[in-house]
Amino acid sequence: MIPEIGHFALILALCVALVQGTLPIYGAAVGNSRLMALAVPAARCQFFLVLTAFGCLAYAFANKDFSVLYVAATSNSQLPLHYRLAAIWGAHEGSLLLWTFILTIWMFAVTLFSSHLPEAMRSRILGVMGLVSVGFLLFMLSVSNPFERLIPAAAEGRDLNPLLQDPGMVLHPPMLYMGYVGFSVAFAFALAALLGGNLDAAWARWSRPWTTVAWCFLTIGIALGSGWAYYELGWGGWWFWDPVENASFMPWLAGTALVHSLAVTDKRGGFKVWTVLLAIMAFSLSLLGTFLVRSGVLTSVHAFATDPKRGLFILSFLAVVIGGSLLLYAWRAPRVGLGGGFAPVSREGFLLANNVLLVAATGAVLLGTLYPLFLDALDLGKISVGPPYFDSVFVPLITPALFLMGIGPLAQWKKAEIPDLAKRVRWAAGVSVLTALGLPIVLGEWTPLLSLGFLLACWIVATAIVSVREQLAHLIGGGIGARLARLPRAYWGMLLAHCGIAVFVVGVTMVKGFETEQDVRMGVGDVATVGGYTFRFDGVQNVRGPNYTAVRGTFHVSRDGRETALLYPEKRRYTAQNQVMTEAAIDSGVVRDLYVSLGEPLEDGAWSVRLYHKPFVNWIWGGCLIMALGGALAVSDRRYRPAWRREPQVVPANAQLAGR
Amino acid sequence: MTPRQKRFAFVGLGLLVLGVATALVLNAFQSNLVFFFTPTQVANGEVPKGRSFRIGGMVEDGSVKREADGLTVRFVVTDTAKRVPVVYKGILPDLFKEGKGAVAQGQLDADGTFVASEVLAKHDENYMPPEAAEALAKAKAAGAQSSNTLIVQPQ
Chain A
1 MIPEIGHFAL ILALCVALVQ GTLPIYGAAV GNSRLMALAV PAARCQFFLV LTAFGCLAYA
61 FANKDFSVLY VAATSNSQLP LHYRLAAIWG AHEGSLLLWT FILTIWMFAV TLFSSHLPEA
121 MRSRILGVMG LVSVGFLLFM LSVSNPFERL IPAAAEGRDL NPLLQDPGMV LHPPMLYMGY
181 VGFSVAFAFA LAALLGGNLD AAWARWSRPW TTVAWCFLTI GIALGSGWAY YELGWGGWWF
241 WDPVENASFM PWLAGTALVH SLAVTDKRGG FKVWTVLLAI MAFSLSLLGT FLVRSGVLTS
301 VHAFATDPKR GLFILSFLAV VIGGSLLLYA WRAPRVGLGG GFAPVSREGF LLANNVLLVA
361 ATGAVLLGTL YPLFLDALDL GKISVGPPYF DSVFVPLITP ALFLMGIGPL AQWKKAEIPD
421 LAKRVRWAAG VSVLTALGLP IVLGEWTPLL SLGFLLACWI VATAIVSVRE QLAHLIGGGI
481 GARLARLPRA YWGMLLAHCG IAVFVVGVTM VKGFETEQDV RMGVGDVATV GGYTFRFDGV
541 QNVRGPNYTA VRGTFHVSRD GRETALLYPE KRRYTAQNQV MTEAAIDSGV VRDLYVSLGE
601 PLEDGAWSVR LYHKPFVNWI WGGCLIMALG GALAVSDRRY RPAWRREPQV VPANAQLAGR
Chain B
661 MTPRQKRFAF VGLGLLVLGV ATALVLNAFQ SNLVFFFTPT QVANGEVPKG RSFRIGGMVE
721 DGSVKREADG LTVRFVVTDT AKRVPVVYKG ILPDLFKEGK GAVAQGQLDA DGTFVASEVL
781 AKHDENYMPP EAAEALAKAK AAGAQSSNTL IVQPQ
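So the protein lines, in turn, are chains A and B.
Position one of the first sequence corresponds to residue 1 (the numbering used here), numbered consecutively onward.
Position one of the second sequence corresponds to residue 661 (the numbering used here), numbered consecutively onward.
Quick caveat, the hints were computed from the structure, so don't treat them as lab data.
Using N, Cα and C, we set each Cβ at its ideal position, and we do this for glycine too.
Heads up, some of the hints might be wrong.
Said to hold, decoys possible - In silico lysine to aspartate or glutamate, EDC-like type, Cα no more than 20 Å apart, as pairs:
(1) B:K798 <-> B:E706
(2) B:K757 <-> B:E794
(3) B:K749 <-> A:D637
(4) B:K757 <-> A:E583
(5) A:K382 <-> B:E794
(6) B:K749 <-> A:D519
(7) B:K725 <-> A:D637
(8) B:K757 <-> A:E603
(9) A:K267 <-> A:E603
Stated by the list, open to error - Partial pick of chain B residues on the chain A-facing surface, computed with a CB cut under 7 Å:
(10) F668
(11) A669
(12) A681
(13) V685
(14) A688
(15) L693
(16) F696
(17) V724
(18) L731
(19) I751
My request is simple: use the sequences and hints to build the entire structure.
Structure below.
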């Protein structure tokens, strides 16, 4: 009964979405405010309907209702409750429901925080989001219904893929989807602007916080996925340039470009058409990412052939959304106009260059991800594009972008002078070059990439310090503390996010440069040394988990005779699918991780064992977290608060700073 | 600068980045594309010399031998028509098993052994890596053809 209620709620939601996607947009076109007024209640109603459906599926999982096909396929009666609930997004159908649910959450949020928008704008935004929702609901109801019954019911479920039975995996998809779907708000804003034919600074100011929040979620989501791959796949890698990862990275790159382009549109009224195009790109790549990962096309392009209805729907949906919005763009963009002019050497110029580099990098990743699929689909042979391709294309494209990241915030809007800039950054440049040359010598190893990494990281931080000093010098009166407090939060957020990149770069550089890895055969009592740490293998014992049995090894780690850690890596066998999983044991630290995973049992109680010493690896995810915090800080800036909440007297001081 | 010169500067910048990106992509494609071959193609000598490529197929039953160091593993990958001996030093993925599909990346040495630098198993119990499945399917199709010819010939 409950699953049917969920199914019915989805059907109702589709009807509501159809209303929401058509009448308010039509109303905005003809100026009928009664039609426009439908948008808000429709969006809220849709939210509650999809919430009901989501709750019904959760109930089916919690209740182990194996008469629902999706529940039987992705869970098991021995699976603990929290993983049963996470199994909602463990496969295709449920992921689509989660996607739609999150879309309605964003819609609901838009209805709450858009009362200050012009009526026509608001109804167009909600209308576009409603249309996107129509696509997803139609997809679920026609070919991917999560509530489909299995009659007769299965006695036992097939269980969730053991790889996904992990706290990181529980959080990763919702975070990622919050990011993906969050870009739908920017997308809806962009289409609303195209439909309305006006795109002013106020428009950019409204869409900026939405985009930044989505970007923060996406950043966290990608970092969680990367961390999960690191400790769960048992290979100690944090990024593989796997198509699944690229699928989430491309929207991030486009989204990063969009965040910066919006800043120009907001502050200077420039980059208008470019911003709109980026908003369309970011959301299109999000859609592509969702489908790449969840349609099975990556494991085999012929997945489409085995289930042609799904493939056909996905391709036509992508074609309608991307093609439709680009058509609208081609038709209406000339009305929006280019925005203000500026000199090539100016903050706008640097931001534009950064945008172009980010988009070029996105294109290179897209090509490397889709090219093998195209060849395969056309039967031209099977190839794989591995990490070396991405490394050798991505690094040279992103290096100048990181360099510009330091100098951009220092340059004046409209027109800047190179000699003046050079004078202001000379000590930052000096410190960076000295660090780049000196630090590798201190660490006892030199490679060009090490120096490059240190140079860029140090450059970003040093130029940030220069920027803060200059800002303080411009403010008159008050102590340092008071003056620091007067700098707007958006400014601090920007600096923090940039420093997050620097932390990230340090992490990547140190891991690439100094990690040590050893695959060894270890008998009980054997000792191996990796990165200055001594690992002693104390044998294995059998343990039982809720839905698996495991062999657990004990490793005693010491350095210079002092005990550092006891590590317990496991080799698990999940009973439902009889699948073996390696569970690595990691001793995490600020400056290094020690990582042990069990290979295979050999004769006489010996095991093949993989040992890693990973310096600064946590800085990689720490950097992502700092970036996201920076974004959150920027969003909390008072300039984004609705006008009625802003105290009038602070506006001039704030505007003065912002204009610089 | 006149607006005209400015526009040229921007277009120039865009073209420059595009050009550099294209050059990087082409260069990286040239040296980093990894092609896939079936054991039959390996046996027929269709594979590149001195360059890394992938092979896929089934790990032959009873072929997995471990050397004394506990880490070097020898096994045979087959598409049921032809066999390729593989040697790999390191820890094999969890799902590597005799009688199951596997994909390996590496180079062919002088005596025809495939020296793998990587053994991939991004797949679960229920499905084979796509490359491995394709190798088996191709061999099967080829096998079916030749057996047809055999039946036809006597008539």
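Are there hints from earlier that the structure breaks, and if so, what are their numbers?
-> Those not satisfied are hints 3, 7, 9, 10 and 17.
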